[in-house]
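Engineer: Start from chain A and add chains B, C, D, E and F according to the hints.
Protein chains: 6
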Amino acid sequence: MSARHAPIEYAQASPEVRAVYDDIMATRKTDWVNNYWKVLAHHPPTLQRMWRNAKEVMGPGAIDPLTKELIYMAVSITNACQNCIASHGAAARNKGMTDAQHAELVAIVGLANETNRHAAAFDLTIDEPFL
Amino acid sequence: MSARHAPIEYAQASPEVRAVYDDIMATRKTDWVNNYWKVLAHHPPTLQRMWRNAKEVMGPGAIDPLTKELIYMAVSITNACQNCIASHGAAARNKGMTDAQHAELVAIVGLANETNRHAAAFDLTIDEPFL
Amino acid sequence: MSARHAPIEYAQASPEVRAVYDDIMATRKTDWVNNYWKVLAHHPPTLQRMWRNAKEVMGPGAIDPLTKELIYMAVSITNACQNCIASHGAAARNKGMTDAQHAELVAIVGLANETNRHAAAFDLTIDEPFL
Amino acid sequence: MSARHAPIEYAQASPEVRAVYDDIMATRKTDWVNNYWKVLAHHPPTLQRMWRNAKEVMGPGAIDPLTKELIYMAVSITNACQNCIASHGAAARNKGMTDAQHAELVAIVGLANETNRHAAAFDLTIDEPFL
Amino acid sequence: MSARHAPIEYAQASPEVRAVYDDIMATRKTDWVNNYWKVLAHHPPTLQRMWRNAKEVMGPGAIDPLTKELIYMAVSITNACQNCIASHGAAARNKGMTDAQHAELVAIVGLANETNRHAAAFDLTIDEPFL
Amino acid sequence: MSARHAPIEYAQASPEVRAVYDDIMATRKTDWVNNYWKVLAHHPPTLQRMWRNAKEVMGPGAIDPLTKELIYMAVSITNACQNCIASHGAAARNKGMTDAQHAELVAIVGLANETNRHAAAFDLTIDEPFL
Numbered sequence: 001m002s003a004r005h006a007p008i009e010y011a012q013a014s015p016e017v018r019a020v021y022d023d024i025m026a027t028r029k030t031d032w033v034n035n036y037w038k039v040l041a042h043h044p045p046t047l048q049r050m051w052r053n054a055k056e057v058m059g060p061g062a063i064d065p066l067t068k069e070l071i072y073m074a075v076s077i078t079n080a081c082q083n084c085i086a087s088h089g090a091a092a093r094n095k096g097m098t099d100a101q102h103a104e105l106v107a108i109v110g111l112a113n114e115t116n117r118h119a120a121a122f123d124l125t126i127d128e129p130f131l
Numbered sequence: 001m002s003a004r005h006a007p008i009e010y011a012q013a014s015p016e017v018r019a020v021y022d023d024i025m026a027t028r029k030t031d032w033v034n035n036y037w038k039v040l041a042h043h044p045p046t047l048q049r050m051w052r053n054a055k056e057v058m059g060p061g062a063i064d065p066l067t068k069e070l071i072y073m074a075v076s077i078t079n080a081c082q083n084c085i086a087s088h089g090a091a092a093r094n095k096g097m098t099d100a101q102h103a104e105l106v107a108i109v110g111l112a113n114e115t116n117r118h119a120a121a122f123d124l125t126i127d128e129p130f131l
Numbered sequence: 001m002s003a004r005h006a007p008i009e010y011a012q013a014s015p016e017v018r019a020v021y022d023d024i025m026a027t028r029k030t031d032w033v034n035n036y037w038k039v040l041a042h043h044p045p046t047l048q049r050m051w052r053n054a055k056e057v058m059g060p061g062a063i064d065p066l067t068k069e070l071i072y073m074a075v076s077i078t079n080a081c082q083n084c085i086a087s088h089g090a091a092a093r094n095k096g097m098t099d100a101q102h103a104e105l106v107a108i109v110g111l112a113n114e115t116n117r118h119a120a121a122f123d124l125t126i127d128e129p130f131l
Numbered sequence: 001m002s003a004r005h006a007p008i009e010y011a012q013a014s015p016e017v018r019a020v021y022d023d024i025m026a027t028r029k030t031d032w033v034n035n036y037w038k039v040l041a042h043h044p045p046t047l048q049r050m051w052r053n054a055k056e057v058m059g060p061g062a063i064d065p066l067t068k069e070l071i072y073m074a075v076s077i078t079n080a081c082q083n084c085i086a087s088h089g090a091a092a093r094n095k096g097m098t099d100a101q102h103a104e105l106v107a108i109v110g111l112a113n114e115t116n117r118h119a120a121a122f123d124l125t126i127d128e129p130f131l
Numbered sequence: 001m002s003a004r005h006a007p008i009e010y011a012q013a014s015p016e017v018r019a020v021y022d023d024i025m026a027t028r029k030t031d032w033v034n035n036y037w038k039v040l041a042h043h044p045p046t047l048q049r050m051w052r053n054a055k056e057v058m059g060p061g062a063i064d065p066l067t068k069e070l071i072y073m074a075v076s077i078t079n080a081c082q083n084c085i086a087s088h089g090a091a092a093r094n095k096g097m098t099d100a101q102h103a104e105l106v107a108i109v110g111l112a113n114e115t116n117r118h119a120a121a122f123d124l125t126i127d128e129p130f131l
Numbered sequence: 001m002s003a004r005h006a007p008i009e010y011a012q013a014s015p016e017v018r019a020v021y022d023d024i025m026a027t028r029k030t031d032w033v034n035n036y037w038k039v040l041a042h043h044p045p046t047l048q049r050m051w052r053n054a055k056e057v058m059g060p061g062a063i064d065p066l067t068k069e070l071i072y073m074a075v076s077i078t079n080a081c082q083n084c085i086a087s088h089g090a091a092a093r094n095k096g097m098t099d100a101q102h103a104e105l106v107a108i109v110g111l112a113n114e115t116n117r118h119a120a121a122f123d124l125t126i127d128e129p130f131l
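Going down the list, the protein sequences come from chains A, B, C, D, E and F.
Residue 106 in the numbering used here sits at position 106 of the first sequence, and the numbers go up by one each step.
Residue 115 in the numbering used here sits at position 115 of the second sequence, and the numbers go up by one each step.
Residue 2 in the numbering used here sits at position 2 of the third sequence, and the numbers go up by one each step.
Residue 103 in the numbering used here sits at position 103 of the fourth sequence, and the numbers go up by one each step.
Residue 95 in the numbering used here sits at position 95 of the fifth sequence, and the numbers go up by one each step.
Residue 126 in the numbering used here sits at position 126 of the sixth sequence, and the numbers go up by one each step.
Just so you know, the hints here were simulated from the structure itself, not pulled from any lab data.
A couple of the hints might just be wrong.
Heads up, the list lumps identical chains together, so a pair's fine if it works in one copy or across two of them.
Derived SDA-like pairs (lysine to any residue); straight-line CA-CA distance at most 20 angstroms [as the list claims (entries may be wrong)]:
| hint | residue 1 | residue 2 |
| --- | --- | --- |
| 1 | K95 | A19 |
| 2 | K95 | D127 |
| 3 | K55 | P44 |
| 4 | K95 | I24 |
| 5 | K55 | A100 |
| 6 | K29 | D127 |
| 7 | K29 | L66 |
| 8 | K55 | T125 |
| 9 | K95 | A62 |
| 10 | K29 | P45 |
In isolation and in its complexed conformation, chain A is listed as follows (with noise of 0.2 angstroms):
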């Protein structure tokens, strides 16, 4: 058996998990499930439990949509998440995101991956100031 499980369609679904299903659709606005979900689908408790937190963590809150979704692909640039890099990705395209934030967005993980190793190579200890 792969690593890779089929999609749970809608229409295959049993209740619990049209229900989150159709939760996604409404908070999303939209008529569509990606394959996250789908495939987390497999194991209900997970799909509810994820669900839950995504809608808590990435919902209305002190830091704006975009802003959240750029934080999303930052971590999922730097650990090359392909799916979660294209998922977000889109997201933050229909929350505003220009060409130009995203060129930003790339070059300043790019940054901070390279300075995070440096700080690394030189064991620096974390300045007085910021203690």
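Structural biologist: Only chains B, C, D, E and F this time, still in chain A's reference frame:
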């Protein structure tokens, strides 16, 4: 010889190093330079190159200054770089990051690191509409 | 020349390489060798060394065989190594991993990657009782 | 302000935070809460959310409690999270991990991190039978 | 919109982008530019900045050109960056890397990734003589 | 019990552990064993196995001894392993690494970590000529 290098203070610094320190302080409107730069100063070409990069990437652009710092922190938290988390956390505070925003940043970074592994576990391909 | 090396099949293999393939098949009670070993075979000392390591570390010991595979997968998922997730996922299935266990493994790996970043974000020191 | 947040002790905690601490202690049959939770307590929604996640994922299920801790440690060692290694190492000891099992865990985690890079170096595709 | 950007070919490129392509080809004594640069070209300031960085860091210095490529590959293998492993592997071959050296490189990278986790597992402090 | 294990000193060591320590000192022409080995000594099979690996991989071969250490450091810096950076930094110094070479090593490691993320951000495929 240890990985740790003594920071080169302004008083000991060569003119070319002082020129970078001066530009850092002028750009940041501060009278203080953090250890990252003072340790890079052992190799002036690297000091000059990295400051040129940081100034260009983190300077005014299409992404606002606070969001740039949040992106930088997202990478640094993912890589567990304590020096970087501390210095860019301080920079973010200076640019207005509130406690609530910090808490949400940490929550998003954690969640993205989690879902990135779910995507790996299932070898998720990129959804058709995101190609 | 590409990073990809053609697997060295049994028919083409030198006696020293065949000896390793034979031991892999005998140890695993199978008539098949996976590509990891067939690619390592381009450098016989590495093939011999790694098989000796794998046989010793993954062989009978204080941790049961299925749990050993789950630990291996936890690392491979964290590092997003698709070849490793697939081969050790198959090994885990052979040793009895159920769908429910696989779902829980993925959930734990995701959660740990999340909380590891929370710990980094707050520069959590080790609790006194754990020192 | 530092990345480090003072832990919120029970005596200072709000009722909603105390309710989580109480549930942690009851679930774990202990009179003590570790710093991870006391630091998350600065943002009660995160404290509540993460405890709900940990309770569900690490609670009784298809994988036995000790194996769950070994999986958690495998991730934490791979990410070099010292706080997490210490706290889940203690939990694993409480659930019966022996010295020999700990030594084997470390050996497997090391080996998997090694072979994961071999697979990357050769851009290993997934073996046909594992697809 | 996908994460993937069409490479900008010389014929379509603006004068400022062509100037970078020309310098890449002149510096490398080749008539060909790889996709990394052609994709960065969507944001000319990043293209210019990264080429300036690469030229300075990978150019003549205290470390010989082949060793520089081996170091670059060690990082890229650790991060599982297939594009980077391929392009710097080709560069290393051009600079004289033999099959035996490649095999040893992969072995060292694997071993270091293994021992790095052993050090994490035991929270190894730095030996007194190395401080 | 902590993750930290007290190093096993020569005087306390069993004959099988002493045999490894003796071989480490003889191979390295030194009268001293670093903590990595003294901590692994709690599990003699791991001590023996890892020393056999290190001796084979880091011993004489197609890559010169200093370059081997630089590759080891590149991985250790990328993974932020302070113990490893310190011990292999000392080994590299012993084998002739100059300050200028160290500075260039750090610069290359930083740059590669940066460009690895650019490649991820754009989901760069492998260039045709590198396949």
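Engineer: Checking each numbered hint in turn, tell me which of them this model violates, lowest number first.
Structural biologist: Failing hints, ascending: 1, 8, 10.
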